[in-house]
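**Q** Now for the letters of each chain:
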Amino acid sequence: GEQVEQLPSILRVQEGSSASINCSYEDSASNYFPWYKQEPGENPKLIIDIRSNMERKQIQELIVLLDKKAKRFSLHITDTQPGDSAMYFCAANSGGSNYKLTFGKGTLLTVTP
Amino acid sequence: EAAVTQSPRNKVAVTGGKVTLSCNQTNNHNNMYWYRQDTGHGLRLIHYSYGAGSTEKGDIPDGYKASRPSQENFSLILELATPSQTSVYFCASGVGGYEQYFGPGTRLTVL
Numbered sequence: 001g002e003q004v005e006q007l008p009s010i011l012r013v014q015e016g017s018s019a020s021i022n023c024s025y026e027d028s029a030s031n032y033f034p035w036y037k038q039e040p041g042e043n044p045k046l047i048i049d050i051r052s053n054m055e056r057k058q059i060q061e062l063i064v065l066l067d068k069k070a071k072r073f074s075l076h077i078t079d080t081q082p083g084d085s086a087m088y089f090c091a092a093n094s095g096g097s098n099y100k101l102t103f104g105k106g107t108l109l110t111v112t113p
Numbered sequence: 001e002a003a004v005t006q007s008p009r010n011k012v013a014v015t016g017g018k019v020t021l022s023c024n025q026t027n028n029h030n031n032m033y034w035y036r037q038d039t040g041h042g043l044r045l046i047h048y049s050y051g052a053g054s055t056e057k058g059d060i061p062d063g064y065k066a067s068r069p070s071q072e073n074f075s076l077i078l079e080l081a082t083p084s085q086t087s088v089y090f091c092a093s094g095v096g097g098y099e100q101y102f103g104p105g106t107r108l109t110v111l
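Just so you know, the sequences run in chain order A and B. Position 31 of the first sequence, counting from 1, maps to 31 under our numbering, and the rest follow consecutively. Position 88 of the second sequence, counting from 1, maps to 88 under our numbering, and the rest follow consecutively.
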């Protein structure tokens, strides 16, 4: 099945700087790549996603890049704020018909004032 | 956003006991999922369902059963709970192999 690797596992940045999280996947048929944000004690919430017919997507300060040839995708948070501190998960679907998402192990982002 | 609810929100069970976790969604999504979340492992898929009456094994199904009696409800059943099943369990509903929306989670402790 699909495998998703996510790095780094811990990321600490200063307020106002950018943060980048990288993920790689194995299934060349995967065509959907979401990102979830999870705050302590809460559920994961979908914040941005990208489909394989796109290379770049931006929602406000969130930018997702997809490199299908390299089987890599990344999340970039520009102008980080303390409220961006959270756990972030990437995921990829399975290219087949089984409608699953496989998640990375997560990145704990801390934004310091 | 999809409305997914879970019950109970917290549960303490004894080793060898039976535990049932319930999930309800009100958005008429065909697909529903059960994950467990443990530090260092992220979200791991236990069982999922394409619709009422269907259940499929996920990546870590051992020790768990699932039931989908209706479009809205999806249960996770631990017939003989073990301490290794202490975790936070999330239910999700979704559209095909795309967006999934998570419930608030159930914290299960097996003593």
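It is possible that part of the hints are untrue.
[Stated by the list, open to error] In the DSSO-like style, the derived pairs of lysine-lysine whose C-alpha atoms are separated by at most 30 Å in a straight line are:
#	chain 1	residue 1	chain 2	residue 2
1	B	K65	B	K11
2	B	K57	A	K105
3	A	K57	A	K68
4	A	K105	B	K11
5	A	K69	A	K57
6	A	K68	B	K65
7	A	K37	B	K57
8	A	K71	B	K57
9	B	K11	A	K37
10	A	K45	A	K69
11	B	K57	A	K45
12	B	K65	A	K45
13	B	K65	A	K105
14	A	K45	B	K11
15	B	K65	A	K37
[As the list claims (entries may be wrong)] Some chain A residues well away from chain B (every beta-carbon gap over 10 Å; in silico):
#	residue
16	Q6
17	L7
18	P8
19	S94
[As the list claims (entries may be wrong)] To give an idea of the interface, some chain B residues facing chain A are shown, with a C-beta separation under 7 Å as derived from the structure:
#	residue
20	A3
21	P8
22	N31
23	P83
24	Q100
No lab work stands behind these hints, which were simulated from the structure alone. Virtual Cβ for every residue (Gly too), placed ideally from N, Cα, C.
**Q** Checking hints one by one. Is P8/B an interface residue toward chain A, by the C-beta closer than 7 Å rule?
**A** 15 Å, violated
**Q** Does P8/A clear chain B by more than 10 Å, comparing its Cβ with all Cβ atoms of that chain?
**A** 14 Å, holds
**Q** Can the restraint linking K71/A and K57/B be considered satisfied, given a maximum Cα separation of 30 Å?
**A** It holds: about 26 Å lies between the C-alpha atoms, which stays within 30 Å.
**Q** Using Cβ atoms and 10 Å as the threshold, tell me whether L7/A really stays out of contact range of chain B.
**A** With a cut-off of 10 Å, L7/A remains clear of chain B, as the shortest Cβ separation is near 13 Å.
**Q** Between K69/A and K57/A, does the CA-CA distance stay at or below 30 Å?
**A** 17 Å, holds
**Q** Verify the proposed pairing of K105/A with K11/B, using a straight-line Cα cut of 30 Å.
**A** Within the cut-off at roughly 25 Å; holds.
**Q** Next pair to validate is K11/B with K37/A; report whether the Cα-Cα distance is within 30 Å.
**A** Holds, at roughly 25 Å.
**Q** Would the least Cβ to Cβ distance between S94/A and chain B come out above 10 Å?
**A** Answer for S94/A: violated, closest chain B Cβ roughly 6 Å.
**Q** Tell me if the interface restraint on Q100/B is satisfied: Cβ within less than 7 Å of some Cβ in chain A.
**A** With a minimum Cβ separation of about 6 Å from chain A (threshold 7 Å), the hint on Q100/B holds.
**Q** Have a go at the A3/B hint: is there a Cβ in chain A nearer than 7 Å to its own Cβ?
**A** 12 Å, violated
**Q** Does K57/B lie within 30 Å of K37/A when you go C-alpha to C-alpha?
**A** The given pair, whose Cα atoms are some 26 Å apart, holds under the 30 Å limit.
**Q** Does the nearest C-beta of chain A fall within a distance shorter than 7 Å of the C-beta of N31/B?
**A** Given a least distance of 5 Å, the restraint on N31/B holds.
This entry does not satisfy hints 6, 16, 19, 20, 21, 23, going by the numbered hints stated previously.
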